[in-house]
Amino acid sequence: MRSSKLTADVRAFFTSYSTAFIRQDAPAIARHFADLVHVASGIGGDVSVHVANAVEWRKTIDRILEMYRAIDVGRETPPRDESTLLPTAAI
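Sequential numbering from 0 applies to the sequence shown in numbering that gives the first Met the number 0.
Hint data in this document are derived by calculation from the structure and do not stem from the laboratory.
Only true hints are included.
Here are the simulated SDA-like pairs of lysine to any residue, each with C-alpha atoms no more than 25 Å apart in a straight line:
1) K4 x T18
2) K4 x A27
3) K58 x S47
Between beta-carbon pairs, the in silico distance windows are:
4) M0 x R68: 35 to 45 Å
5) V46 x V9: 18 to 28 Å
6) K58 x S2: 34 to 44 Å
7) G43 x V72: 16 to 26 Å
Ideal Cβ positions, reconstructed from N, Cα and C, are used throughout, including at glycine.
Work out the full structure: start from the sequences and follow the hints.
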């Protein structure tokens, strides 16, 4: 796969993913994940998320969205440069 195609695919994924979060659309967010989920911290801290199946993952997403709504996260336009979302992550 050419790097320009990979870059376009990654940008499309993050645009779709961030749009789903902005809309607070739990089913759309869940569709961005496969069976195994790895959650990373942008600041190097420990992250612990354990889900047994898709139903449990959906419940986890619902809880995350509930917490985000409580602090009014996700109401802004997503950044144009996806590298600013998590600059330490390697894609």
